[in-house]
Amino acid sequence: MNLLSIASPRLNSLFLTLIVLVITVSLLHRVSKSKNEISVIRLGSLSSRLNKKLLRLNFVAFVIMIAFMAMGVMFGDFPVPKVRALSTALWDRESEFDFVINSIRSPRVVVAALAGMCLASSGAIFQSLINNPLVSPDVIGVNSGAAVCAVVLLAVGGQVTYLPFAAFIGAIIAAVGVYVLSWKRGIAGTRLVLIGIGINSLLAAVITFVQVRYPIERVMAAARWQAGTVFGATWDDARILGIGFLILFPAAFVLLSKLRILQLGDETAAALGSSVERDRLFLLGTGAAMAAVAVAVVGPLGFVALMVPQAARLLTGTITGGSYIFTALLGGIFLLGADLIALHLFAPVMLPVGVITAALGGPYFLILLARYNRAI
Amino acid sequence: MQSEHTPSISFTGEDLHISYGGPKIIEGLNVTIPNGEVTAIIGPNGCGKSTLLRALARILTPDKGIVFLDGTDIGNIPTREVARKLGILTQNQRAPEAVSVSDLVRRGRYPHQRIFDQWSKEDEKAVDHALEITGLSEYKEKHVDELSGGQKQRVWIAMILAQDTNLMLLDEPTTHLDMPHQIEILEMLVKLSVDEDRTVVLVLHDINMAARYCSNLIALKEGKILATGRPSKVVTTEMVESIFGLKALIIEDPVTGSPLCIPEALTGK
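From first to last, the protein sequence lines stand for chains A and B.
Position 370 of the first sequence, counting from 1, maps to 370 under the working numbering, and the rest follow consecutively.
In the working numbering, each residue carries its 1-based index in the second sequence increased by 376.
With the rest of the complex left out, here is chain A (with noise of 0.2 Å):
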């Protein structure tokens, strides 16, 4: 591929591009600026807040989400009528659009809208644990372990089918580990940063060796994969990350009153009743696990986790349940309107959707370092 060639990016679609983004984040700070209103529900022996701001805020990135996804049913090489593409998408199984809508672009968008949700809670579980920004599961080793296993099934001659099983094996060993080399009275968020970065270079030379050991031909199987994508998703990669997500994301909702008392620390956590050392296993399981799922399907796919949370916390403050909610949604948005970008804006060449999460996280990635190396 020419990288020439796909220099000039499709006006058309740069605007479009632009425009959507613009209304996104205007609508979403709008609302997110409005006054926090708590109402209380309680029935017998249940009981909870809400927070009507988080709500409705929550409520319109739901809605930029099912309208991301409706444009990448809409938009694609392959005319098809807008209308027709939403038809057939939702009702009319005797279109004669069928395959390219429901094989092809309604299981994308699906499979995107899930990944980013999982990488993103993924991130908001890790960051708020940690107390550390910079920790999310791709900075700690998850994406690399997933990619060392992947690489390696694929060079000894392995099944492309059991690539999501391996990177998912990949990634929890890889999460693991750094527990285990993290651990020392407790859990540091420096200290797993550290050895994040470690494990990190260490597998990536893993990759390196096998890629120069091993026949190119299949080495190369595994290269589009490890930049991270969602093409050629199909129901299957879908209904994998459905599972995982539907598991996953009510365990960490449940768990999610432990967090916001060990975000306090580990001896005031103790001194308000928690099991600290089970409850941040609990929690950093999930979150491992969640991230592992997102990775074993659309590859290891960076910078969503660490990006996302980040942006959802400066719209709606530190982790409760509404803004735990919020995070996930705005990761679909955010991975749904890279993967747009990946397909339109250098058409008919498609990228990866991983070139854009990382070029977009990239540069936030060193300012973040940048802002917080007194904390390193």
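These aren't lab readings, by the way, just hints derived from the structure by calculation.
Quick reminder that beta carbons are idealized off the backbone N, C-alpha and C, glycines included.
Just to be clear, a hint being listed does not mean it is correct.
Sample of chain A residues facing chain B (criterion: CB under 7 Å; computed from the structure) [what the hints assert, rightly or not]:
no., residue
1, Asn131
2, Val156
3, Lys184
4, Leu272
5, Gly273
Straight line, CA to CA, 30 Å or less: simulated DSS-like cross-link-like pairs of lysine-lysine [claimed, not checked]:
no., chain 1, residue 1, chain 2, residue 2
6, B, Lys497, A, Lys33
7, B, Lys567, B, Lys528
8, B, Lys567, A, Lys35
9, B, Lys516, A, Lys184
10, A, Lys52, B, Lys516
11, A, Lys33, B, Lys501
12, B, Lys528, A, Lys35
Chain B: place on chain A using the hints.
Relative to chain A, chain B alone:
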């Protein structure tokens, strides 16, 4: 809130031995915390004040010895149940990023909440009460990082107040505060003990503040109790010399009548 407290508690430590894997910090210490009073643990730096407080609050497990809460070994009571009876504020608290005052204070209700019972009437009452006593009601929407040092300290105290425990342990709650803020916090704690019959245990390094505001003192030196009792009994010339190695004049505080320690010279010990 006071009606919800059990009328009295018993809180003792027996034959406590504590080390951090190295030399003994506390050795064979027996202590009884008088019910409904404000007790201060005093002593020189490194004498084991904070260590003792943390062991009493089961944050630190002693090598040997038992802390009894209402007659039961505190290590055998589920930690959440302990947290409904005993609150401790340790030193050097750090608030999470972008947390509001009311959010932080609400977290003190954790031991009383269940998964689907996150905001009961009692929770709301306790949090409002805590914010009111600490004078933070008007700041409740503010971010904790925007507050001054004295206000921050009050937020943390409000958090353990919201925990609504009969026993409140605080490790140097007045350190880094100027004198008006020190007085403000100590008067608040005394008022809590008087009005709501709570038992308060403080670690303080200012012996005069301790003598002025606390009804019971525990003087610690090198992991052992040297003296315990009313301030007039503990803060004496001989005692100050043996605890701090300080030759001092003890006069009567003209305002409160409590003993006031005026340092003269180090005895070189």
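Quiz item: Okay, which hints does this one fail, numbers in order?
Solution: 2, 3, 8, 9
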